[in-house]
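Given chain V, put chain U in place with the hints provided.
There are 2 protein chains.
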Amino acid sequence: MKKVLLFVTDGFADWEASYVTAELNKSWTDYQVQTVAIDKDPKVSMGGLTVLPDYSMDDVPQGFSMLILPGGTTWREEKNQQVKKLVEDCFRKNIPVAAICDATTFLGIHGFLDHHKHTGNSLPYLKEGAPHYRGEDHYIDEQSVRDNGLITANGTAALEFTRNVLRELQVYDEKELQEWYALFKKGSVHS
Amino acid sequence: MKKVLLFVTDGFADWEASYVTAELNKSWTDYQVQTVAIDKDPKVSMGGLTVLPDYSMDDVPQGFSMLILPGGTTWREEKNQQVKKLVEDCFRKNIPVAAICDATTFLGIHGFLDHHKHTGNSLPYLKEGAPHYRGEDHYIDEQSVRDNGLITANGTAALEFTRNVLRELQVYDEKELQEWYALFKKGSVHS
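So the sequences go chain by chain: V and U.
No gaps in the numbering here: position 181 of the first sequence is 181 in my numbering, and each next residue is one more.
No gaps in the numbering here: position 4 of the second sequence is 4 in my numbering, and each next residue is one more.
The following block holds chain V by itself, in its conformation from the complex (with noise of 0.2 Å):
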């Protein structure tokens, strides 16, 4: 199984990486989902999950397929910061990284945006809190944007946002994928 690894930090909203977990954790696909953390003490979510993580900074599994970036309350605290550095190995190693949200704006503000097209709902906070933020020209009025293995959302757009890491893994081809979103967005009874 390919590993995909979910980073979570207290606060971690729940919803937003919620479709796509369990999406690539169905038994025909390929890929597993297992958790990182900056520790391994437990991380309590937005809507007061305990969550164990499965991993911390000191032991992440080698060759994983992708790092998922949930938004939350804490991305700003420094202490979570630390996650940059795995980030950075990710960009190097040309491994995917998906952020929606709050996680958006923390690759902003570590200039991970520069050379991508992107959204995130961030970006009056980028511009005046990160002084070396160069994105924006990269920026696009999309609910969720897919660029040469960086995939970025806003935080009301998990759905568009699984759509585009279900693409980049391969996971369904086009038309599953629409007949997947369609599903979900306009509900089983009345699509």
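Because the hints were derived from the structure by calculation, they are not lab data.
Check each hint, because a few of them may be wrong.
The list treats identical chains as one, so a pair stands whether inside a single copy or across any two.
[Stated by the list, open to error] Derived SDA-like pairs (lysine to any residue); straight-line CA-CA distance at most 25 Å:
{"id": "1", "residue 1": "K186", "residue 2": "Y125"}
{"id": "2", "residue 1": "K186", "residue 2": "E174"}
{"id": "3", "residue 1": "K186", "residue 2": "T73"}
{"id": "4", "residue 1": "K127", "residue 2": "I140"}
{"id": "5", "residue 1": "K26", "residue 2": "Q81"}
{"id": "6", "residue 1": "K84", "residue 2": "T50"}
{"id": "7", "residue 1": "K185", "residue 2": "E142"}
{"id": "8", "residue 1": "K185", "residue 2": "N121"}
{"id": "9", "residue 1": "K26", "residue 2": "N80"}
{"id": "10", "residue 1": "K26", "residue 2": "E78"}
{"id": "11", "residue 1": "K40", "residue 2": "Y55"}
{"id": "12", "residue 1": "K26", "residue 2": "N121"}
{"id": "13", "residue 1": "K40", "residue 2": "L52"}
{"id": "14", "residue 1": "K185", "residue 2": "E174"}
{"id": "15", "residue 1": "K3", "residue 2": "R167"}
Everything numeric in this text was worked out from a predicted model, so none of it was measured.
Below, chain U alone, put in the same frame as chain V:
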């Protein structure tokens, strides 16, 4: 703080209660979400998150405000039928119950839907698999139904499920609810 309990099982569907737990747990509500399970062993979600339950069937806190039952892959396993007693307690004490996807089927199998309007896309299974199921006349072809302290939903209706729970617990007024729903249904950019 008033407690809302989320029942977690192995294979629980990450997305189905993800919006509602995060919204209920926000600092400005009167509610706190905690997890309950058959026992205190960690439960692994469909998407691969290892969750440590706050409570087991042996130490369910008194006086909680709602029981939320997300769907998942193990609702038909024998051990998970143990939650039936907790559900009975809720119905007897008029504590609202909110069930989505396979958890709705669970309620039907055990007769909890017989006297409530409900939805859930498992009607064929219920008719075949549950000889005592008498809720057919109450079935409504909607993404989510709220009726007299019981909320049900299809697995593709996490947002509609959330809206009904927030309505039941009077977290937002109707105008705020519609804004919340539009934001997440249509997205922040193109709404």
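Evaluated hints:
With identical chains, the CA atoms of K186 and Y125 are at most 25 Å apart between copies only, with a shortest distance of 23 Å across copies and 32 Å within one. Taking the shortest Cα distances, K186 and E174 sit within 25 Å of each other both inside one copy (18 Å) and across copies (22 Å). Taking identical chains as interchangeable, the C-alpha atoms of K186 and T73 lie at most 25 Å apart only when they sit on different chains, with a minimum of 23 Å there against 29 Å within one chain. Taking identical chains as interchangeable, the C-alpha atoms of K127 and I140 lie at most 25 Å apart only when both belong to the same chain, with a minimum of 15 Å there against 49 Å between chains.
In this homomeric assembly, K26 and Q81 come within 25 Å of each other (Cα to Cα) only across copies, at 24 Å, whereas the closest approach inside a single copy is 31 Å. For the identical chains of this complex, K84 and T50 are neighbours both inside a copy (24 Å) and across copies (24 Å), given an alpha-carbon limit of 25 Å. Proximity of K185 and E142 under a CA criterion of 25 Å is satisfied in both settings, with 16 Å inside one chain copy and 15 Å between copies. In this assembly of identical chains, K185 and N121 lie within 25 Å of each other by CA distance both inside one copy and across copies; the values are 21 Å within and 16 Å between.
Taking identical chains as interchangeable, the C-alpha atoms of K26 and N80 lie at most 25 Å apart only when they sit on different chains, with a minimum of 21 Å there against 29 Å within one chain. With identical chains, the CA atoms of K26 and E78 are at most 25 Å apart between copies only, with a shortest distance of 22 Å across copies and 35 Å within one. Taking CA atoms no more than 25 Å apart as the test, K40 paired with Y55 passes in both settings, with 7 Å inside one copy and 21 Å between copies. Proximity of K26 to N121 under the C-alpha cut-off of 25 Å is restricted to the inter-copy arrangement: shortest distance 20 Å between copies versus 30 Å within a copy.
Taking the closest pair of Cα atoms, K40 and L52 come within 25 Å of each other both inside a single copy (7 Å) and across two copies (13 Å). In the homo-oligomer, the alpha carbons of K185 and E174 lie at most 25 Å apart both inside one protomer (16 Å) and across protomers (22 Å), since each shortest distance falls under that limit. Taking the shortest Cα distances, K3 and R167 sit within 25 Å of each other inside one copy (16 Å), while across copies they are farther apart (39 Å).
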